[in-house]
Amino acid sequence: MIDAILQALPGAFAPANLLAVILGTMAGIIVGALPGLSVMTGMAVLIPLTFGMDPLFALGMMAGMYNGGSYGAAIPAILMRVPGTAASVATVMDGHAMTRQGKAGYAIQVAVVSGVIGSVFSALSLITLAPTLVKISLMFGPSEFFWLAILGLATVASLLGEDLLKGLIAACMGLILGTVGMDMATGVERYTFDRLELSDGLDLVVLLTALFAIPPVIQMIENARQEGMPAELLNLRRQKSPLRDWKRFLPIWLRSSVIGIIIGILPGAGGSMSSYLAYNDAKQQSKDPDSYGKGNPEGVAASECGNGADNAASLIPALSLGIPGSGVAAVILGGLLVHGLRPGPQLFDEHADIVYGFMLQMLLSGLLVGLLGGLTATKIFGQALRLPEVLLAPLILLFVTIGVYSVNNSIFDLQVMVVVGLIACVVERLGYPSAPIILGMILGPIAEVQLSLALTISGGEPLALASSPVSMVLIALILLILVVPLLKRRKASAGPN
Amino acid sequence: MALRSVSRRHAELGFAVALVAAAGFLFLQAADYPGVTGSYPRTLSILLGIGGLLMLVRTLRQHNPDDEQPLFERPGRVYLGAAAVLLYIAAVSYIGYLIPSLVLGIAVPYALGYRNMRHSALVVTATLAFIVLVFVVALQRPIPRDLLDPLLAVLR
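Chains as they are written, first to last, in our numbering: chain A, 1 to 497; chain B, 1 to 156.
Think of the hints as simulated: they come from the structure by calculation, not from any bench. Ideal placement from N, C-alpha and C gives every residue a C-beta, glycine not left out. Watch out, some of these pointers could steer you wrong.
[Claimed, not checked] One side only, chain A facing chain B, incomplete, derived with CB under 8 Å:
| no. | residue |
| --- | --- |
| 1 | G105 |
| 2 | M173 |
| 3 | G181 |
| 4 | M184 |
| 5 | V188 |
| 6 | E222 |
| 7 | V416 |
| 8 | V420 |
| 9 | R429 |
[Said to hold, decoys possible] FRET-style restraints, in silico, Cβ to Cβ:
| no. | chain 1 | residue 1 | chain 2 | residue 2 | range |
| --- | --- | --- | --- | --- | --- |
| 10 | B | A126 | A | D349 | 23 to 33 Å |
| 11 | B | F130 | A | L479 | 49 to 59 Å |
| 12 | A | A16 | B | A21 | 46 to 56 Å |
| 13 | B | Q29 | A | A185 | 12 to 22 Å |
| 14 | B | H10 | A | D349 | 22 to 32 Å |
Could you build the full structure based on these sequences and the hints that come with them?
As structure tokens, this is what we get:
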């Protein structure tokens, strides 16, 4: 592992790739800071724009976008009481109370330092744990990989949405979208309707953009907010550094980092859950829990540290097994595939320089948030918050159009993007999660090929799919993941009695 | 007359019916594919159909407090947004990227009541200049055939 890291260092720290991390982090802070835009939207805009570029340049921007966006969401949460993303809801409680007390500058500094500490611990866990998980996956054969793909789908379908049935339907839609194009085993075209553009299947970039960038544009048009953030809110005064109070914050940073990393690794559980759990833990451990929600900086520290610690950790199962730990990780998985990088043991074997380089970029971007998220930088990037949504919505469409068109020089791709994007607006409004659709599209072909291989090896005997201990464990996990939400729902509907 | 949005319940039912219909169509299409090529999509279309049916039955049986809530709070704006996106992509197909982008960036905010057109024009022009300089000139990324291609050729 050390050798692989040393080999990856020159690539990760090449000037162009360093610039990519810096640009991605800056873009991430802006995207995260804009309410209504999520890191997933930022990624969906970014992936087509970076298509065709050097993989480490593109991945560097994604790493920056992930960590930068995670912190950026804290800016409106603290200054405006509007969380940039769901993960910064816990930050609102104490962060905005501090703003009302004239301590906005200190709250921003606590958020930055805590986010950096969480992100750095998380990146270190990614660098150390992902290769270990890959070693385990080397024991897998076709049937195990088939069940692994199903496990990935089941977790994301069941845990990312609020409704299991809708999550499963979304996953099924993704699996069907994944069948479009030529069947590689037989050469027969499926669902192409004699369109040459569809013979290679639906483009992942187009689908990613349609699902994650078009619905926010329509939502912004519906909201039609004509006022940005008032300029005076960005008059931040430098106050004492939170590092001076390190003894007070250290236990919170350590516990929140551990919570964030564990939640990040658990497939489908990431995002807002880590910041909530870290916040609750800090409150429970505090000698003065009543001060939480009334402007206690420890609340901001716990929430932002937990949020940052979730980021890189959610990539541990994504890079090593192809199972994303969060919605953003699912989109990054799509971004990897766009650059021809298939997660799993082969990725670590054949593209060690890129995968370790990406992990180092996650670490680097975590640290960069400390520089780019300072008060002066926040004042500069915060200017984006002054832009009203009515102006922002068309601008996103401008970027998305140029990005999607340039992937295949195809107007057809733009048409697919718009049609799928508008359907996605309705689907999203009805509560169907989008991440399982994209994951179904990614994992579907893998599951089909592995199933076919496993059946060929076993001479067409379906029971052979469940014969190995690893397969049995995976099947048990799938059942557990699908049954637990049903039991919880039944328990909830039965009421307290 | 103000536009009304379909209720959440009706939208749920409509989407469930659409899912079942799509599943049926996909199953029939897959029936033409030989052997293993067809069995996988057939299985998936059956699963999608079952999912759609379960959704339909569940929606019919359950009554939630927000059933009669509209799917879109401001349907007029949603339709405006959808129409703008569709028209924009159609215009990009025929006219090119730059002029439709400029019009979109000014017309959509104006239609939504934002009257500071100088601000809109400034923001969209600056964004387009950034896109042209970075993606077209520096990175040599292609853009759709454009009426202003002669101008872009000079820049390149």
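Legend entry - Minimum beta-carbon distance criterion (8 Å), A:V416 to chain B: 10 Å, violated
Inset, instruction - Double-check A:V188 for me: the hint is only fine if its C-beta lies closer than 8 Å to a C-beta in chain B. - result: Interface hint status for A:V188: holds (4 Å vs cutoff 8 Å).
Legend entry - Restraint check, 8 Å cut-off on beta carbons, for A:V420 near chain B: It is violated, given that the least Cβ distance between A:V420 and chain B is near 12 Å, above 8 Å.
Legend entry - Distance restraint hint 49 to 59 Å, applied to the beta-carbon atoms of B:F130 and A:L479: Holds - the Cβ-Cβ distance for B:F130 and A:L479, about 51 Å, lies within 49 to 59 Å.
Legend entry - Minimum beta-carbon distance criterion (8 Å), A:M173 to chain B: 7 Å, holds
Legend entry - Outcome for the supplied range 23 to 33 Å, where the beta carbon pair is B:A126 and A:D349: Given range 23 to 33 Å: violated, Cβ gap about 46 Å.
Legend entry - Given hint A:R429 near chain B, where the shortest CB pair must fall under 8 Å: Hint on A:R429: holds, closest Cβ of chain B at ~6 Å, below 8 Å.
Legend entry - Hint validity - A:M184 Cβ closer than 8 Å to any chain B Cβ: 10 Å, violated
Inset, instruction - Could you say whether the range 22 to 32 Å given as a hint is met by the Cβ separation of B:H10 and A:D349? - result: 53 Å, violated
Inset, instruction - Please test the hint of 46 to 56 Å on the beta carbon pair from A:A16 and B:A21. - result: With a Cβ separation near 50 Å, A:A16 and B:A21 satisfy 46 to 56 Å, so the hint holds.
Legend entry - Satisfaction of the A:G181 interface hint, Cβ to chain B closer than 8 Å: 11 Å, violated
Legend entry - Hint status (Cβ of A:E222 to nearest Cβ of chain B, threshold 8 Å): 5 Å, holds
This entry does not satisfy hints 1, 3, 4, 7, 8, 10, 14, going by the numbered hints stated previously.
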